[in-house]
Amino acid sequence: MAKIQLNGKKVVIKSNYSILDLLKKYKLADNKVAVEHNGTIVPKTNYKKKHLKNNDKVEIVHFIGGG
Amino acid sequence: MKKDIFKVAGKSLKSRLIVGTGKYKNFSETAKAINASGADMVTVAVRRVNILDKKKPILTDYLNPKKIIFLPNTAGCFNSEEALRTLRLAREMGGWKLVKLEVLGDKKTLYPNMIETIKSTKILVKEGFKVMVYCTDDPLLAKKLEDNGASAIMPLASPIGSGLGLQNKVNISLIIKQSKVPVIVDAGIGTASDATIAMELGCDGVLINSAIANANKPVLMAKAFKDAVISGRNSYLAGRMNKNYFATASSPTKGLI
Numbered sequence: 001m002a003k004i005q006l007n008g009k010k011v012v013i014k015s016n017y018s019i020l021d022l023l024k025k026y027k028l029a030d031n032k033v034a035v036e037h038n039g040t041i042v043p044k045t046n047y048k049k050k051h052l053k054n055n056d057k058v059e060i061v062h063f064i065g066g067g
Numbered sequence: 001m002k003k004d005i006f007k008v009a010g011k012s013l014k015s016r017l018i019v020g021t022g023k024y025k026n027f028s029e030t031a032k033a034i035n036a037s038g039a040d041m042v043t044v045a046v047r048r049v050n051i052l053d054k055k056k057p058i059l060t061d062y063l064n065p066k067k068i069i070f071l072p073n074t075a076g077c078f079n080s081e082e083a084l085r086t087l088r089l090a091r092e093m094g095g096w097k098l099v100k101l102e103v104l105g106d107k108k109t110l111y112p113n114m115i116e117t118i119k120s121t122k123i124l125v126k127e128g129f130k131v132m133v134y135c136t137d138d139p140l141l142a143k144k145l146e147d148n149g150a151s152a153i154m155p156l157a158s159p160i161g162s163g164l165g166l167q168n169k170v171n172i173s174l175i176i177k178q179s180k181v182p183v184i185v186d187a188g189i190g191t192a193s194d195a196t197i198a199m200e201l202g203c204d205g206v207l208i209n210s211a212i213a214n215a216n217k218p219v220l221m222a223k224a225f226k227d228a229v230i231s232g233r234n235s236y237l238a239g240r241m242n243k244n245y246f247a248t249a250s251s252p253t254k255g256l257i
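For the record, the sequence lines run as chains H and Y. So the first sequence is numbered by our numbering: it starts at 1 and just counts up by one. So the second sequence is numbered by our numbering: it starts at 1 and just counts up by one.
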C-alpha cells in the first residue's frame, strides 16, 4: 500500500501502482487528461512506466468550461 | 472581391466570433449555444479532475476537440508560474500549441497584470507556443506583446464579465491601427450591438462568454452574436459614410412641385 496525495486529497493505492493504473482506477481516458507527478508533467508515453510511491503528489487535470 | 478570411496563428477560421464555454447551466446548453454561434474556436479552462465523482459528465463528452478548435486559457492564474504550469499541462493533454494567456492582477476587477503577462509571453513563445494574449487596452503594451511574438492581441472592452461594453474605442482603434497580428476584443462585451461596434472599428474578431451564457436565452443570444459580428465586419469592410453636422436631403430637390 502507498499513501499519495491526488488532486489535494489523500488517497491509498496498491504498491507499485503506475500512473496508468491510477487513471484506470478513476476511469479516466488518458487522451483527455494531463498528469503532473511531484511537480513535473508526465508525458503520456510514460504513464505505464511511471510508478507511484508513498507521499507522492499527483495532479490530474482536464478541460472544463471557461471563458 | 477578395475573400475575407480570418487567420490567427496560422489557422483559418470561418467565424470571427470566438466563444467561451464557462457559466452555462449545463453542457447540453453549452453545446447548443456554441452550435448556434457558428464559432469554430472556443476557450476552455484547465482544472483538476473531480476524483470523487467518476460519473459526472465532462466537457469533452459534449464538445469534440477534433471538430472545434479548443483554445486553452489560463483564467484564474495570478502569476507567470501558474499560467505557464497550466498551459504546459494543456499542451500535454492534447498537443495544443495554440493557447490563450491571461495573467490576472486584481481579484475585484480581474484586470490583467501586464508585467507578468509580458514575461509569460516571452517564455511561452520561446517554448514554441502560439500565444493569444489577453491584455489591457494600452497601445504601448499591446505593441510590446506583438514585439515579443504574441499571435494575437486581445484587449479588454471592459472588465471580464461586467457587460459594460466597449469603454475605450480610441485605445482599441489605436491598437487595431498599429497591429500586424489579429486584434480580438476580449472581455466586457454585454450585448450583440457591442460586438458590432467592436467589429466596425476594424477588430479582427471578438471573444464572448458571459454575454451569451448569462442571457435569459443563451442559444438565441449566441445566434444574435453570430449575426452581430457578421454585420459589424461587413459594415467595416463597406466603409461608413462621413459624419456631417448638418442635414443633407436624401431626395433630389430638382423637380420639386
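Don't take each hint at face value.
FRET-style restraints, in silico, Cβ to Cβ [as the list claims (entries may be wrong)]:
1) Y:N50 <-> H:T45: 20 to 28 Å
2) H:N54 <-> Y:D138: 19 to 27 Å
3) H:N16 <-> Y:E82: 49 to 57 Å
4) Y:S231 <-> H:D21: 48 to 56 Å
5) Y:V170 <-> H:N31: 45 to 53 Å
It should be emphasised that the hints constitute simulated quantities derived from the structure, not laboratory data. We put the beta carbon where it would ideally sit given N, CA and C, even for glycine.
Output the indices of the hints that this structure fails to meet, ascending. 2, 3
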